[in-house]
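Asker: Below are the chains, spelled out letter by letter.
Protein chains: 2
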Amino acid sequence: MLDLEKLYSTTARETRKSAIRELLKLADKPEVISFAGGWPSPDLFPVDTISDLMVKVLKERGRKVLHYSKAEGEARLKEELIHLMAKDGVSAEAENILVLTGSQQGLDMLPKAFVNRGDVVFVETPTYVGAIQAFDNYGTHMVPIETDGSGMNPVALEKAIGEWKQRGQGDRLKIVYLIPDFQNPSGITMTEKRRRGVLDVAARHDLLVVDDAPYRDLRFEGKPVPSLYALDQNQSVISLYTFSKTLVPGLRVAWAVGTRQLIDKLTTLKQSVDLCSSALSQHVVAEYLATGCMERYLPMFNADYRHKRDIMLEAMDEFMPGLQGLEWTRPEGGLFIWVTLPENMDAEKLFHAAVRENVAFVLGSAFHPTGGLKNCFRLNFSFAAPERIREGISRLGRALTKFAQESA
Amino acid sequence: MLDLEKLYSTTARETRKSAIRELLKLADKPEVISFAGGWPSPDLFPVDTISDLMVKVLKERGRKVLHYSKAEGEARLKEELIHLMAKDGVSAEAENILVLTGSQQGLDMLPKAFVNRGDVVFVETPTYVGAIQAFDNYGTHMVPIETDGSGMNPVALEKAIGEWKQRGQGDRLKIVYLIPDFQNPSGITMTEKRRRGVLDVAARHDLLVVDDAPYRDLRFEGKPVPSLYALDQNQSVISLYTFSKTLVPGLRVAWAVGTRQLIDKLTTLKQSVDLCSSALSQHVVAEYLATGCMERYLPMFNADYRHKRDIMLEAMDEFMPGLQGLEWTRPEGGLFIWVTLPENMDAEKLFHAAVRENVAFVLGSAFHPTGGLKNCFRLNFSFAAPERIREGISRLGRALTKFAQESA
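Heads up: the protein sequence lines correspond to chains A and B, in order.
With the numbering used here, you'll find the first sequence wraps up at 408, consecutive numbering, no jumps.
With the numbering used here, you'll find the second sequence wraps up at 408, consecutive numbering, no jumps.
I should point out that these hints are in silico values taken from the structure, not numbers from a laboratory.
Keep in mind it's a predicted model, so treat the numbers as computed, not measured.
Check before you lean on any hint, since a few could be wrong.
Since the list gives no way to pick out one identical chain from another, each pair is judged satisfied if it fits inside one copy or across any two copies.
[Said to hold, decoys possible] Here are the simulated DSS-like cross-link-like pairs (lysine-lysine), alpha carbons at most 25 Å apart as the crow flies:
| id | residue 1 | residue 2 |
| --- | --- | --- |
| 1 | K402 | K349 |
| 2 | K17 | K87 |
| 3 | K349 | K17 |
| 4 | K402 | K59 |
| 5 | K6 | K29 |
| 6 | K70 | K29 |
| 7 | K193 | K29 |
| 8 | K165 | K349 |
| 9 | K374 | K17 |
| 10 | K29 | K64 |
| 11 | K159 | K70 |
| 12 | K87 | K165 |
| 13 | K17 | K70 |
| 14 | K25 | K349 |
| 15 | K29 | K349 |
| 16 | K159 | K56 |
| 17 | K349 | K56 |
| 18 | K25 | K193 |
| 19 | K25 | K402 |
| 20 | K64 | K349 |
| 21 | K59 | K159 |
| 22 | K17 | K29 |
| 23 | K223 | K165 |
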């Protein structure tokens, strides 16, 4: 029998099943209230509208949209994306856009395009687990940069770059990866000052800035901060957007915006990654945008998520015990709240205590390239129903209270 | 301004825009009859059926199928795939199947899982251009093995393996990549004897065998040869199947079948490649299979393609000049005919002469990892309408006749 282990690439050898996914299987019971998944609420999905648009598109252009599309994406969708981004101060032409089969595809293609094994990508602390996995698969050396409630600290970034350059490894430095809006997992939004600061450091040191923006349009309150793409004056930024959070994940439509030169290179790579994204999905999304559905439905998404965030934060204020060092973020949008436990407290142990109380979350260590942040965890507020959120947080408060007493 | 060239990975540096795509832009005019694309005929697409199934699936399970799916694929589709493959003598369980977003995704994931830069993959001569691109992006050393009208020659494969081992590079050898049924581009089907021979060589030398089978169900005549997967007794084979040729490309549904261990590894990799394939597409395909549509429509596909193949072969017999060494394949299925010109004749020069006569094809050199096969080209017979096929071949015959006279 073939011994696969002998044949695997370094990538396959080093890829491990996600410890988080394995851990979360413990919580996969109907009685558990899960704040773990990074999921939108299916109750909000405009199913009938999508069904109607499917029928319309198939009737009008069935033979075209069921055929192969082009690697770069459908011109009709790009037109709509140009309008959509223009409302957010982002000026782009069709040649600046590459349609992606979900923005995770962008996270896979960027290290493919920029990372040789051992090359360096600077990330926020914490950062998105899916980006860690994608970068890991190309042997990326991820360097977490100090990040606070205002976002990544440009001074810390510059210091880290300086250290690598001093060691003569400046040509290893490739990317600064950021989720500037309602970050996954922290919920934090980077201030304009910090954005300008990081862009300035990246420009001076010739680094590509990846602006991963899946939650940008999920703002419930406060004023939008200009996007990295809009602020950039050095053609340093590539932005990743998706319809997974503002419409539905199941159409698998996302896109990248960047310089023509970079989009052209990524388009060539996409040909061998999956040939093309579904033309049918692309035309349905284009119709959704063209007929004003986004303006109609997105405010409902945001109203629902705002309501759920408020319920979660209120319940946390009510049920979480008063522990020295226990704190959490209060995001102005997105899907997540980030909890920091007292420094000596292990979130993995709390996880097991929480599952015994039938509530679940994701460990902070999942969001750190080398498993730090062991005293942190992420809560998602968009997926569970409001009454389940309150009940879940009361269970979590109970688990934490007991756990703190046992640890004391 | 950011200098991307300094930042690119080896992969991005080495990736070139496909010369073939650039060349084919010359032929992108309405007056040109193109036999270039490897496309199914959109006239055959069961658009209304797909539309009805979309509506049904969205009505019954809209919130589920528009949400994230699992990386391994939807259980409901896998059930249907198990039935479908059983009819072809392939015995598989759900854990042997990974759903893919088009089989090109499998061609991207296999080198990711098995190839370190410089590792060796043995391929047929000629082989599929999309596989060449995918393997190239991981720095694969592709070694073309002698292939004739019966498929890859196992003696030649064993000889090549021996040479690498003798040079002490046996641990570089990873994969034998085959398209055994109605090969792209040659149209050739590998005999059972050759299949057993290659499986035997691969088993003795511990190589993975990739059985790329997009055209397997497009048989117009003759008896099916048992699949590599069915013949394998060493758990050496992974097969890639797709609905792009037997249903429509636009749903982007394909799948891999292999050992549990390998499917498990690929599933972990898929999480970071695109998270999951569209649940909506998967459920539509599952319904299509469950309601017997495949049995109803596939014979119509095959009848149409058989008719077109016959027209093309008849026209070739009629219009191609009598040149010493000019020959072409007579496939029993699939989408392609492979033409070999007299040895000294350059297909690229003929291409330009053909475009002047308003007919196009793909150069043979596209199907060779280092650009060999310069006196060959591929004709597709599935896409063009029957009357266009006859007219196109008459133009091609004219171009070739003139070209041969000028070259003489």
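Asker: All hints are to be evaluated individually against the structure, with a verdict given for each.
Answerer: Consistency of the hints with the structure:
Proximity of K402 and K349 under a CA criterion of 25 Å is satisfied intra-copy only: 12 Å inside one chain copy versus 80 Å between copies. For the homomeric pair K17 and K87, neither the shortest alpha-carbon distance inside one copy (41 Å) nor that between copies (33 Å) is at most 25 Å. With identical chains, the CA atoms of K349 and K17 are at most 25 Å apart within one copy only, with a shortest distance of 20 Å there and 52 Å across copies. In this assembly of identical chains, the alpha carbons of K402 and K59 never lie at most 25 Å apart, being 60 Å within a copy and 45 Å across copies at closest.
Taking the closest pair of Cα atoms, K6 and K29 never come within 25 Å of each other, the shortest separation being 37 Å inside a single copy and 50 Å across copies. In this homomeric assembly, K70 and K29 come within 25 Å of each other (Cα to Cα) only across copies, at 17 Å, whereas the closest approach inside a single copy is 42 Å. Neither within a single protomer nor between protomers do K193 and K29 lie at most 25 Å apart by alpha-carbon distance, with minima of 45 Å and 51 Å respectively. In this assembly of identical chains, the alpha carbons of K165 and K349 never lie at most 25 Å apart, being 40 Å within a copy and 51 Å across copies at closest.
Only within a single protomer do K374 and K17 lie at most 25 Å apart by alpha-carbon distance; the minimum there is 19 Å, versus 45 Å between protomers. For the identical chains of this complex, K29 and K64 are inter-copy neighbours only, at 18 Å across copies versus 43 Å inside a copy, given an alpha-carbon limit of 25 Å. Taking CA atoms no more than 25 Å apart as the test, K159 paired with K70 passes in neither setting, with 43 Å inside one copy and 41 Å between copies. For a Cα distance limit of 25 Å, the shortest separation of K87 from K165 qualifies neither inside one copy, at 39 Å, nor across copies, at 61 Å.
Proximity of K17 and K70 under a CA criterion of 25 Å is satisfied inter-copy only: 14 Å between copies versus 33 Å inside one chain copy. Taking the shortest Cα distances, K25 and K349 sit within 25 Å of each other inside one copy (16 Å), while across copies they are farther apart (61 Å). In the homo-oligomer, the alpha carbons of K29 and K349 lie at most 25 Å apart inside one protomer (19 Å), although the nearest pairing across protomers, at 66 Å, exceeds that limit. With identical chains, the CA atoms of K159 and K56 are never at most 25 Å apart, being 55 Å at best within one copy and 57 Å at best between copies.
With identical chains, the CA atoms of K349 and K56 are never at most 25 Å apart, being 52 Å at best within one copy and 45 Å at best between copies. With identical chains, the CA atoms of K25 and K193 are never at most 25 Å apart, being 41 Å at best within one copy and 46 Å at best between copies. In this homomeric assembly, K25 and K402 come within 25 Å of each other (Cα to Cα) only inside a single copy, at 23 Å, whereas the closest approach across copies is 69 Å. Taking the shortest Cα distances, K64 and K349 never come within 25 Å of each other, neither inside one copy (54 Å) nor across copies (32 Å).
In this assembly of identical chains, K59 and K159 lie within 25 Å of each other by CA distance neither inside one copy nor across copies; the values are 58 Å within and 55 Å between. When the C-alpha separation of K17 and K29 is checked against a cutoff of 25 Å, the pair qualifies only within one copy, where the shortest distance is 21 Å, while the shortest distance between copies is 50 Å. Taking identical chains as interchangeable, the C-alpha atoms of K223 and K165 are never at most 25 Å apart, the minima being 38 Å within one chain and 65 Å between chains.
In the structure shown, a violation is registered for the earlier hints numbered 2, 4, 5, 7, 8, 11, 12, 16, 17, 18, 20, 21, 23, in ascending order.
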